[in-house]
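**Student:** These are the residues of each chain, in order.
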Amino acid sequence: MSLKGQSTKVYDWVERRLGLFKPAWTAASHPTPANNASWWYVFGSAATVLLMLQVVTGILLAFVYSPSANEAWSSLGLLNRAIPLGWYLRALHGWGSDFMVAIVLIHLAQVFLFGAYKFPRELTWIVGVLLLLLTLGMAFTGQVMRFDQDAYWGLGIGASIVSRVPWIGGPLVHLLLGGPIIGGATLSRFFALHVFILPGLLLAGVGMHIWMTLYHGVSDWPMPGRIVRKSTYEREYHELTQETGIPFVPDAAWKDAVFAAATILAVMACAFFFGPFGPTGTPDPTIIQTVPKPDFFFLWIYALLAFLPPAIETPFMLVVPVLVIAAMLVLPLVASEGERHWARRPIAVLSLSVIAVTLAIFTHLGTYTPWSPVMDAWSSAPIAPALLHNRTPLERQGALVLEDKQCRDCHSIGGSGGQRGPALDTIAIRMTQDQIIRQVLQGGGNMPAYGNALSPAETSALMHFLMTLRGNDMAPAVDASRKLTNSDHAQPPMPAAPERCTIAQ
Amino acid sequence: MTGQIPHGSNQQHPDSPAEAVEAQPPINAESAHHSRRAFLFKLSVAFNAVVGIALAVPLVEYFLGPSMRKSSDTGGWVPLGPLDNFPVGQTRLAEFRNPLATFDDGETANTSAWVRRVSAQQFQVFAVNCAHLGCPVRWFPESRLFLCPCHGGAYYEDGARASGPPERGLFEYRYRVDGTSLIIHAGDMPTLATQARCNPKQQPLVVIQSTQTPRSEADA
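Line by line, the protein sequences are chains A and B.
Going by our numbering, 585 is the number at position 502 of the first sequence; the sequence numbering is gapless.
Going by our numbering, 458 is the number at position 122 of the second sequence; the sequence numbering is gapless.
Treat the hints as calculated values from the structure; they're not laboratory data.
Just so you know, not all the hints are guaranteed correct.
[Stated by the list, open to error] Cβ pair distances, simulated, as ranges:
(1) A:Ser463 with B:Glu397: 53 to 59 Å
(2) A:Phe357 with B:Pro423: 37 to 43 Å
(3) B:Val381 with A:Leu406: 37 to 43 Å
(4) B:Gln458 with A:Ser463: 31 to 37 Å
(5) A:Ser463 with B:Pro423: 25 to 31 Å
Every value quoted in this text rests on a predicted model; they were computed, and no experiment measured them.
Even for Gly, the Cβ is constructed at its ideal location relative to N, Cα and C.
Okay, chain A solo, but in the shape it has when bound:
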């Protein structure tokens, strides 16, 4: 018997008993409206393929990774350096995670923009929102698996947010950490979350999501004026499928397959050329010379937390996420009918644009954290020689005070230094001497008071130097009333009055 004949016989034997191949093929080749065989419809399948990549690479990493606070960091080093191709597996898993979050977000934006969440696909959207949250949960718990300084302090930030919940904040912190401190129990429970609980929910949710996509069919391409009505939509979709239907596999699915392969290729390229993420320093909290930062997709939250005023911070942290998630969940219930085309949904387009721009801005801010003091600027940032040229000894002494008292950690001069406070390059044309002294000694407007850290001599020197910072030699700001009270003085009186120092005859 020929090889082909034998294979057919084996297939028939198995399928007779299994009964799965034929229905699977029927499902894969179901007719779909020709207008949705588009490059815009490829993101969901790419996200699924990325999930498979994450499952496979994750299992392979678990062969070596040790989820113990004693050993996790060292086992990452082992993977990076000693285990052949361990670095590549870590890199694939890390980049696969970033790509997956990105593709899931693009998928969400596309479905929202195309109005594909409307009847009868409301539950598909709701499950999709939960899948997005699970994906973000996987990204955060995965960051904890990379048990380094960022993971440690990231957990600290998580615990600090949870601790703000009224009444049960303390028990919640202990539940999150698995004990009184971030330690072995914390890593163990985040490991359980990352490899059992969240992936289990994720796979079950993806199964539901795909089942509903098959059950209702892939949404047709939106057309202006083609209104979704619960009474007519399914009949219209059925007719469209009958008139223009093409088999999903292969006529539409080749685009999904090409995009999925290109995505995986991109993950492989990033993994190969850029390598794995970290780990950074050991998770030893006595090493406080660290600037903790979350992974890319959480930078916008990190940035947002820097800008909230203290008074509304706790309510904002606890209430707004609930409202945002609730709004996403009920969206298809309140807008299940109507126009799907973006040209007829200006509010939807505007909302999506505003959200995207907001997230992009906060993420960008999170990459360079202008609100954070530059901890070493005071000892490393230079003052341009021009600013010291032709200055009196007192003024130069003031420049030294400026450096020594760490003013540069928050204020820049000549483009170097922190951006927490305003740049000081032209401070003298904006503030008078009295205002500068008051601001330095008493603080205010988000500046600490330096009254206890500066002697009167240092304050005077600092003020005199700051009064020389006038940009292109513009006139300094002056207090108008000074002219009236000291009409014969070009400059206001100095702190030390020379008359009292004259030697008694």
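Please arrange chain B on chain A, whose structure you already have, making use of the hints.
**Tutor:** Chain B alone, transformed into the frame defined by chain A:
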């Protein structure tokens, strides 16, 4: 599989067979058996519910274990070293091993604290964790400020809030001067909800031990 998968179309309602069954009640002898079996099935569901609850209670208790702990006075007293390590008027970083550390906490149980010696017998011991979101604050002796690298929180040398997002000052540990060494009460990682265990009265509780009663734990 399109044939098998109804596109939510009206003619194929999944619940229509159930209605059909209800519409024609069984009339033959099987009905007696049916009602008996249906009753037994309900009984088995109830039995499973009871077993399920009996199974679930300890599982939930296990799961909630870490948060059920009566932790108002967990932790313990740990030495930070001899008093001579902390000159009067200065603020220094001290390290200790968390007294609640378990076998697999590794280096995560190493902890540091900022010790400010106000006078010979008066101290302030601050947690390094920023009161905003827990990042480690650094001390700058020249400007007499603690600065946080994450979101720019700043504190004065006495731990009071100076500027930035924190709502309050730095968390403080209870301390004791025991003979020639400084010991503090440490346990929970300080956060807005758990700091009370380190510092129940919001103010540092100063207990100065007399030198005649040296405590063995200070030598640990």
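**Student:** In ascending order, which of the hints set out earlier in this document are inconsistent with the structure?
**Tutor:** Violated hint (a single one): 2; every other hint is consistent with the structure.
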